[in-house]
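Protein chains in written order, with the numbering used here: chain A, 1 to 230; chain B, 1 to 230.
Keep in mind that a hint or two might mislead.
Simulated restraints on C-beta separations [to be verified]:
#1 B/LEU179 - A/PRO194: 52 to 60 Å
#2 A/VAL218 - B/ALA46: 33 to 41 Å
#3 B/ALA53 - A/GLY27: 52 to 60 Å
Among the chain A residues that face chain B by a calculated CB cut under 8 Å, a handful are [stated by the list, open to error]:
#4 LEU45
#5 GLY49
#6 GLU136
#7 MET144
#8 LEU147
Residues on chain A that point at chain B, a partial pick, calculated with CB under 8 Å [unchecked claim]:
#9 SER25
#10 ILE64
#11 THR100
#12 TYR105
#13 LEU107
#14 GLY116
#15 ARG134
#16 ALA148
#17 ARG150
#18 GLY155
#19 GLU204
#20 PHE213
#21 GLN215
#22 PRO221
Derived by calculation from the structure, the hints in this document are not laboratory data.
C-beta atoms are modelled at their ideal positions from N, C-alpha and C, and glycine is treated no differently.
Number of protein chains: 2
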Amino acid sequence: MGERNAVVLLSGGLDSATVLALAVSEGYVCHCLSFDYGQKNRLELAAAGRVAAAAGATHRIAAIGLGAFGGSALTSADIPVPKGTASQGIPLTYVPARNTIFLSYGLGLAETLDAGALFIGVNSVDYSGYPDCRPEYVAAYQAMADLATRRSVEGRRIHILAPLQHLDKGGIIRLGTRLGVDYSLTLTCYDPLPPEGLACGECESCRLRREGFSQAGVPDPTRYGLKGRV
Amino acid sequence: MGERNAVVLLSGGLDSATVLALAVSEGYVCHCLSFDYGQKNRLELAAAGRVAAAAGATHRIAAIGLGAFGGSALTSADIPVPKGTASQGIPLTYVPARNTIFLSYGLGLAETLDAGALFIGVNSVDYSGYPDCRPEYVAAYQAMADLATRRSVEGRRIHILAPLQHLDKGGIIRLGTRLGVDYSLTLTCYDPLPPEGLACGECESCRLRREGFSQAGVPDPTRYGLKGRV
C-alpha cells in the first residue's frame, strides 16, 4: 500500500498548494512536509498548515538550521528582500542548496513512510533563475535518489515528481482552479506586512503571482497591503 | 582563494577524524560540520568539537529534525541498538537518507563559504550495509551537485570527496596514525555507557573499531567500559 503514499513538499505558496491538489486528485494519500529554515516569512508555515488541512493531508514541519549559513535575502537579516522587476541571473533570494536539502528530507520521510512518490512544486518561472529548479537538476536528483535508499536497493523507486515543471504561473493557477484549490489560503509574499501578514504586492514573488492570476483570467483572492505604488 | 576552503562532515568518530587530517595535510582550510539529529549518542558531538579543535579547523553543529522521522535504532527510542556480530543486509542502525541529508547541508555550507571541496568519511566497511555509502552513490551525488548550486552554474564544481572509500578500518587507522590523528579524542560507540561515555565495546561500531586497531597493528587508545563479555 506504500505505493499510494506520497510526500508533498509544501511551502504555503501557490505552486505547492497546486501540486498537493494534483497529488490528491491522482489518489495519493498525501503527507505534507514544510521547513522552518529561519525564513523571515514565518506566516508561510501557518499558510502551509491551512492548505494541508483543507486537502485532508497530514502536515509536518521540520526545523532545519539553514539560517546559520546566511548568504540569502530570505534568511539573512543583512540582505533586504529585493523589490520591483526580476533581476538578471541568479536572484538574491536564492538559498544555497535549498531544494537539495528539502528534497533530501522529503526522501528520508518518504522512506520512513514507505511512500513511492515525492512531489515538489518547482516550475518554469522558478528555473529562469534558480539552478536547483531546472528539469536536468530534478533528473539528476532522481538518479541519485535511486541509489540512496533502502527502498531503491530493494528495487522500489521513490519517484521524484515535479508536475508543474513546464507550466508558467498562469498555467499553474488554471490547473489549480480546475482542481478546486482555494488560493486565498496560500501566501506567496517574500516580505508580508505586519501585523496581519498581508502580501506586500511589490516583491518579485507577489509580482509573479499577480501576473499569474491576470494571465489565467482568474480573480486574485489575495489581500494585498500595498505600501507604495500599485 | 575559495578553492582551498573545504567543508568536512565530522561525526566525532574515527573515519571522519582521519578524513579531516587528510584534508588538512593536503592544504585545505577546513570547516567542519556536525549534525545534531536526535542521535542517542550525544557525546559524539563533543568528540567532534575536540577533533576539530585539535586540527585547527572551525566547527559548526547544525540541528536537524531527523528524530521526527523515526525508523532507525540510532534515533528511535523504540528500537534498541543491536549488539554482537554484523547483521545481514541493511543494518537497523541505518537512518533514512542520512548521508543524502548530511551531504546536502554540506553542499549548502560549501556554497556559502565558497569552498571547492566537500569531504565525507564513507568507506568500504560501511558500504557493506548502507546504500548511501557506496561509490556509485557518491558519484551520483556529485552529478546532482554539479547541477544544484550557483557555483556549479558558474562552472566551479564543488568536489564531493570520499577518500576513505576503498579502505577498510585497519587501512584507515594506519593512514590516520601516519597523519598524527589522536584517536583517543574520537568516539565511535553507538551506545556509550553513562556517565562518562565510555565505549560499550559490544555494538557493531565498537567491534569494527577494535578489529581495526588490531588489523592496523596500532595500540587502541579507546577506554572501553565493557558491560559483559570481552
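Right, here's what the structure says about each hint:
{"no.": "1", "hint": "B/LEU179 - A/PRO194: 52 to 60 Å", "in the structure": "54 Å, holds"}
{"no.": "2", "hint": "A/VAL218 - B/ALA46: 33 to 41 Å", "in the structure": "56 Å, violated"}
{"no.": "3", "hint": "B/ALA53 - A/GLY27: 52 to 60 Å", "in the structure": "54 Å, holds"}
{"no.": "4", "hint": "LEU45", "in the structure": "13 Å, violated"}
{"no.": "5", "hint": "GLY49", "in the structure": "16 Å, violated"}
{"no.": "6", "hint": "GLU136", "in the structure": "6 Å, holds"}
{"no.": "7", "hint": "MET144", "in the structure": "4 Å, holds"}
{"no.": "8", "hint": "LEU147", "in the structure": "4 Å, holds"}
{"no.": "9", "hint": "SER25", "in the structure": "27 Å, violated"}
{"no.": "10", "hint": "ILE64", "in the structure": "6 Å, holds"}
{"no.": "11", "hint": "THR100", "in the structure": "4 Å, holds"}
{"no.": "12", "hint": "TYR105", "in the structure": "6 Å, holds"}
{"no.": "13", "hint": "LEU107", "in the structure": "4 Å, holds"}
{"no.": "14", "hint": "GLY116", "in the structure": "14 Å, violated"}
{"no.": "15", "hint": "ARG134", "in the structure": "7 Å, holds"}
{"no.": "16", "hint": "ALA148", "in the structure": "5 Å, holds"}
{"no.": "17", "hint": "ARG150", "in the structure": "5 Å, holds"}
{"no.": "18", "hint": "GLY155", "in the structure": "12 Å, violated"}
{"no.": "19", "hint": "GLU204", "in the structure": "17 Å, violated"}
{"no.": "20", "hint": "PHE213", "in the structure": "30 Å, violated"}
{"no.": "21", "hint": "GLN215", "in the structure": "28 Å, violated"}
{"no.": "22", "hint": "PRO221", "in the structure": "32 Å, violated"}
Going through the hint list in order, the structure does not satisfy hints 2, 4, 5, 9, 14, 18, 19, 20, 21 and 22.
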